[in-house]
Amino acid sequence: MIFNLLVQGLQMMLVVAIAPLLVGVIHKMRARLLRKQGAPLLQPYRDLLRLMKKEVVLAHNASWLFRAVPYMVFAATWVAAALIPTFATGLQFSWSADLIAIVALLGSARFFMALAGMDVGTSFGGIGSSREMMIAALAEPAMMLTVFSLALLAGSTQLSTVTHYLAGSNVGLRVSLGMALVALVIVALAENARIPVDNPSTHLELTMVHEAMVLEYSGRHLAMIELASALKLVLYLSLIVSLFIPFGVAGPGDTIAAHLLAVVYYLIKMLGGALALATFEVSIAKMRVFRIPDLLGAALMLSLLGTLLLFVSRSL
Amino acid sequence: MNTLSFDVAHMLAGGMLLVSFMMIYQTRLYALLNVFALHAMVLALSVAWQASIQHAPHLYVTAGIALFFKAILIPGALHKIVQRMGIHRQVEQVVGTGATMLAGMGLVALSSVLMLNLTATASAFAREDMAFALSVVLLGLLMMISRRNAVSQVVGFMSLENGLILAAAGAQGMPLVVEISVAFSVLVAFIVIGVFLFRIRERFDSVDLSVMDDYRGEKR
Amino acid sequence: MSAVDLVLTGALLLMALGLSSILFAARPMGSTIVYASAGVLSALVALVGLATLVAGAGAGMNVGASTLWLPIGLPWIGAHFRVDALAAFFVIVVGFGSSIISFYSIGYGRHEHEPWRVLPFYPSFIGAMLLVVIADDAFSFLLSWEVMSLLSWALVLTHHRESAVRSSGLVYLIMAAFGTMSLILAFGLLAGPLGAYDFQSMRASGQTPLVGSVVVILMLLGAGSKAGIVPLHIWLPLAHPAAPSHVSAMMSGIMTKVAIYGFIRVTFDLLGGTSWWMSEIVLAVGAVTAVMGVLYALMQHDLKRLLAYHTVENIGIIFIGLGLAMAFRHYDMNAAAALAMVAALFHIFNHSVFKNLLFLGAGAVQTATGSRDMEKMGGLIHRMPVTSLLFLVASVAISALPPFNGFVSEWLTFQAILLSPDLPDWGLKILTPGVGGMLALAAALAAACFVKVYGVVFLGRARSEVAKTAREVDRWSLATMSVLALVCLLAGVFPGVIIDTLSPVSHALVQATMPVQSADPWMTITPVASGRSSYNGVLVLLFVTMSGFFAAWVIHRFASRSLRRAPAWDCGFELDDPSTQYGAASFAQPIRRTFGTKIFSARESVTMPPPGSTAPAKFSVSLRDPVWDGFFARVSGAVTWLADKANRLQFLTIRQYLSVVFAALVLLLLVLTLWK
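Residue numbers (this note's numbering), protein chains in the order written: chain S, 4 to 319; chain D, 933 to 1152; chain X, 339 to 1014.
Keep in mind the hints are simulated off the structure, nothing from the lab. Fair warning: this is a prediction, and the values are worked out from it, not measured in the lab. It is possible that part of the hints are untrue.
Restraint ranges, calculated between C-beta atoms of paired labels, are given here [as the list claims (entries may be wrong)]:
| no. | chain 1 | residue 1 | chain 2 | residue 2 | range |
| --- | --- | --- | --- | --- | --- |
| 1 | S | A20 | D | Q1025 | 44 to 54 Å |
| 2 | S | G254 | D | A1103 | 20 to 30 Å |
| 3 | D | G1018 | S | E58 | 53 to 63 Å |
| 4 | S | L278 | X | R895 | 33 to 43 Å |
| 5 | S | S204 | X | M884 | 53 to 63 Å |
| 6 | X | E803 | D | R960 | 46 to 56 Å |
Far from chain D, by Cβ distances over 12 Å, these chain X residues were calculated [as the list claims (entries may be wrong)]:
| no. | residue |
| --- | --- |
| 7 | V485 |
| 8 | S543 |
| 9 | L769 |
| 10 | P947 |
Cβ coordinates follow ideal geometry from the N, Cα and C atoms, glycine included.
Input sequences plus hints: build the corresponding full structure.
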C-alpha cells in the first residue's frame, strides 16, 4: 500500500520532470538530422521558467474561462499521464480511471482548450479550435476502437491489467495488435499536433492548428499550456511503449531494485520513441488540412478492422 | 500445431490484409506500386512459412516465384511504364478513400463470417487463412472497380491473384503444377495488359478508361 | 394510500389544475400560481416514485407493484393503473424534470405575451405523461398517449401567428397520428383475437417470435417516431424549438423519455420473446440515429433546433443500450443484459437532466437577447455569468466528458459493448464493434458541436447590439438551473448511488442486477468485476481539482502573478469588426467538408465582385436533408398525386355515386363468398 503510493507519486513526478526533456531531445534530433546545431537539450526547461516569470498580457475581453483553462488542461493531462503504467503496473490509483476514462479525460482537456481558442474572439483562435475539433472527432473514435482491441485481448479496460497481460508470454503475435499499433501511432501524431497532421514549429498562422488555438496566451498561462502539451506527448509515447514494448515493466510485487531498473528501461524506451518520432518527422511533409480526414479515417478503419478480427477470432 | 507457428502464419496472413488496405488508401501510382511490392513480399514470406511448417518444399518454389516476379520484376516494370508514360502524378479514384475503405471493411466482415461459418469442421488455422485470403481477393476486386487508371487496375488484379495463392498455400496439399500455372497466368495477364496499355495510350492519348467509355458513346 | 393512488391523484390534480387555470390564466398572478402548484405537485409525485424504488432496492430488488382498477373507460376492460419498478423510475424522470421546469417557468413565464395559450395545457401535459407511465391496459395507455400528443401539439402552437410554427405543428400532428396508428396495431397484435387489452393478460399470453418481432417493429415506428429515431425524427427539430423554451425542455427532455418508456414496457415486459434479429435492428437504428443526430446538429445555427437534434443523438445512444440489452437477454446473458439496461436507463435520466438544463439555458439566452440565431450572439459570458457557467456544465455533461454524468452512462454503454464478443450470433459479433465506433464518433462530434455552441454563444465578442446589452435572467431561473447543474455533477461523481437505485428496474426487466456499488468505500463503480474495469468519479474530480489548484498555487507563489490587460494580439491585426470571428457556420466548416459533402450534399459557393467593384464577396452554403428529400418529400409527393387522382370523385353524378356504392357492396359480398 505505502509502496504503491510511493510508486504512484514517483510516476506522477517523473512524467512532469521528463516532459520538457523529451521535447528537447526531439528538437535536438530533428536539428541534427537537418545538419543544424540545434538548441541545447535543456532549452525547453529554460523556456518554461522564463515564461512563468513573465507577466501575463491578457486581451481586454478575455473571460475567467480563458484564465482558468491552462490550469484545467494541465491538471487533466497530468492526472491522465499519472495513470499510465510507465515503469510499474502497481500504481496505487490505477483503478480510479480505466483506459476509456483516460481517453475521456484528454477529451475534457481538449474541449476546454478549444473553448479558450474561441474566447477572445479572434479569427485565428477560431480556425485553430474548429480544426482541432475536426481532428479530434476522428481521432477519438479511432483511439476508442484501439482501446476496444486491447480490452478484448486482455479482458479488461484497466490499463495496468492490460499492460500486465501484454507483458506476459501468452499473447502471441496478433495481427489486430499490429493494426492497433498503426492506428494508435496515427492518433498520437494527430493528438499531439505533430507532422504530418500539424506542424508544431511553424510560424505561418494559417497552417497551424494547435498553435493557432493558443495564439493569445502569454506568460505563465502559455507555460502551463506548453507543459501540458509536452506532458501529452509523454503520455502518448508512454502509452505506446508500455502497450507494445511491455518488457522490463515492474509488477506490483517486485523489489525496489527491480523498480529502479524498470525506470531505466522506461527512459531508454522513451529515448528510442523520441528518436523514431524525430526521424519520422524530418522525413515526411505536412499534409493539407483536408487530407487529414483521410489519414485519420484510415486509422479509424484499421482500428475497427482490428477489433472486428478480434471479435471474430475469439470464437475460434 | 504449436502456437508459435500459428501466430506467425496468422500474423503474415493478416499482414497481407493490412497491406491490401494500404493499397486502397494510396492515391499516387508510385506509392501504389511500392505497396504492391510489399504485398507480394509478405505473400512470399507467408508462403515460405507455410512451406516450413507443412514440410512442403515445393511451396518454397511458389514463394520464390512470388518474390521474384511479383515483388521485384513486375513492380519494376510497371515503374518503368508509368515513368515512360509520364502519368505518375495522376490521382484517379472513382470513389473517395473513406467510402472505399468503409466498403472494404464490409467485405472483410462478410468474408470472415462466411468462411468461418462454411469451414466449421476445418482446423482453426485453415479457417482463418481462408477468411484472410477471401478478404484479400475481394479487396483486390474492390480496387479494380474503384480505380480509373489501367495501371492500378492491373495492380488490383495482381493483388487478387496474391489472395488466391495465399489460399492455395494455406490449403494443404495443393500440387505445384497449379501454382506455377497461377503464376504464369499472372505473368501472361501482365504482358497482355501491358501491351493493351500502350495500345490504349496510342489510340486515346490516355490510360484513363473513362475516355474509352466516351469513345463507345457511354457518357457517364 | 399506495403508490399508484398517489401518482394517479397527482396526475389528475395536475389535469384539474390545467382546466381550472382557464379561469384565471389572464390574471397577473395566474402564471405564478399555476407553475408553482404544478412544480410542487410534480415534485411530490417524483418523491413517491423515488420512495417506491428505494423501498424496492431495500427489499431484495422486488418492488411490490401497486395496482388499481377503476370502472371507467371501455366497459369490459375498465381502467387499470399500476406502479412497478419501471413505472416508478419514469415517474421520477417525469416528476423531477417537470417540477424543475415548472419552478423555472415562474420566472420565465412572465415573458409570455399570451399566457392563456400555455397555462391550461402545461400542467395537463405533465398529468398526461404521468398517466401514460402508470397505465396498465392498452386503452388507457393509448388514450393518455394521444392526450399527451395533442396537448404538446397545442403547446407547440403557442406562437401560432408565425407561419413556420404553424407548419411545424402540422408536421408534428401528422407524425403523431402515424405513431399512434403503429401503437394501436402493436397493441392489437399483443391483445390477440380475444381482445385481452389489459397488460396483465398480455404478459401471461406468450407471443410467437414472429408476432413479437412485428410488435417490436411497430413499437419502433410508433414510440420511435415520438422519441425521434432517424428517419422518423423530422418533426422533432421543427416542433421542439417552435414552442416556448420551458415547453421545449419538457418535450425534448421528458416526453421523448415517455416514448422510450412505451418501447421498454412492450419490448421487455409485455413481450415474451422476439426473434434474434430484432436486437440487431434496434442496435443499427440506434447507431445511425446517434451519428446522424449529431451531424444534423453540427449544421445548425439556430440554438434550440441544434439542441433538438442533440436529443435525436441521445435517443440513439439510449437505443444502443436497449438493443444490447435485448441481445443479451435473448441469449440468456442476464448479467450483461442488466449492465446494458442500467446504462440505457442511466442515460435516460442523465439526458433528461442535462437536456432540460440546456433548453432552460437556451430560454434564458432567448429572453436576454430575443433571438435564437447563434450568429447574432457572442460574449454572453461577460453579461450572463451564472447562466454561462451552468450552460457550460451541461455542455460538458452532454459531450460525455468526465467528471459529469453523461460520461458515466456512455462509459457503461461501452462496457456493455465490450461484453458482446461472448454473444453466439455472428451478425451481432460483426455489428457491435461498428456500433461502438459509431458511439465513439457521436460522442466526439457532440464535443465538437458543444465547443461550437458555447464558443459562439457565450465566448468571443458580441455579434449584435442585443448581445451587447444582454442582461442576466431572474433568480428563479438561475436557482432551478443550478439545481440541474448540481445533479449533473453529483450523478457523475457518485454514480454508484444511481446504479443501485436502478437495480430493481433491471431486476424486473431482465431478471438480473449489476453488482451492488455502494458497498465500495471509495465510491468506485465496477460494472462487471474489479479486475475488468472500474471508474471513480470522486477521485478523478479530486485529483484534477487538486493538481489544478496546486499548479496555480505554485506558479502564483513562486513565479509570477502579475497581469496586464491589453488589446488582443491576433497576429498584429486590430480587432474591430466582430464578424471577423469564427461563427457557427465557419466553425462547422471542417466537419461539414469531411462528413457533410456526402451526407448532406453540402456545397459552398463564393460569389466574388468583379475587379474594381467595392461590393462585398458573398459566401453561401447549401445543404440538403437526405431524409426529407429522399423519403418524406417523395411520400408527400405520392400522397398529393393520389389526392389529385381522387379529386375526380367529387364531381360524379348521383348515378355514378350509386354505382360506386353498389360495386363496393358486390365486391364485399364476393370476398365473403370466396373467403374459405
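Consistency of the hints with the structure:
1. Checked against the hint of 44 to 54 Å, the pair A20(S) and Q1025(D) passes, with Cβ atoms roughly 48 Å apart.
2. Between G254(S) and A1103(D), the C-beta spacing of about 43 Å breaks the proposed range 20 to 30 Å.
3. Roughly 59 Å separates the CB atoms of G1018(D) and E58(S), a value that falls within the hinted 53 to 63 Å.
4. A hinted range of 33 to 43 Å for the beta carbons of L278(S) and R895(X) is consistent with their spacing of about 37 Å.
5. Roughly 33 Å separates the CB atoms of S204(S) and M884(X), a value that falls outside the hinted 53 to 63 Å.
6. Separated by about 53 Å at the C-beta atoms, E803(X) and R960(D) satisfy the suggested range of 46 to 56 Å.
7. Once the 12 Å rule is applied to beta carbons, V485(X) is consistent with being away from chain D; the minimum gap is 45 Å.
8. Taking the minimum C-beta to C-beta distance to chain D, about 36 Å, the non-interface status of S543(X) holds against the 12 Å cut.
9. A Cβ of chain D approaches the Cβ of L769(X) within 12 Å, the least distance being about 9 Å, so the stated non-interface status is violated.
10. Every C-beta of chain D lies more than 12 Å from that of P947(X), the closest at about 33 Å, which supports listing it as non-interface.
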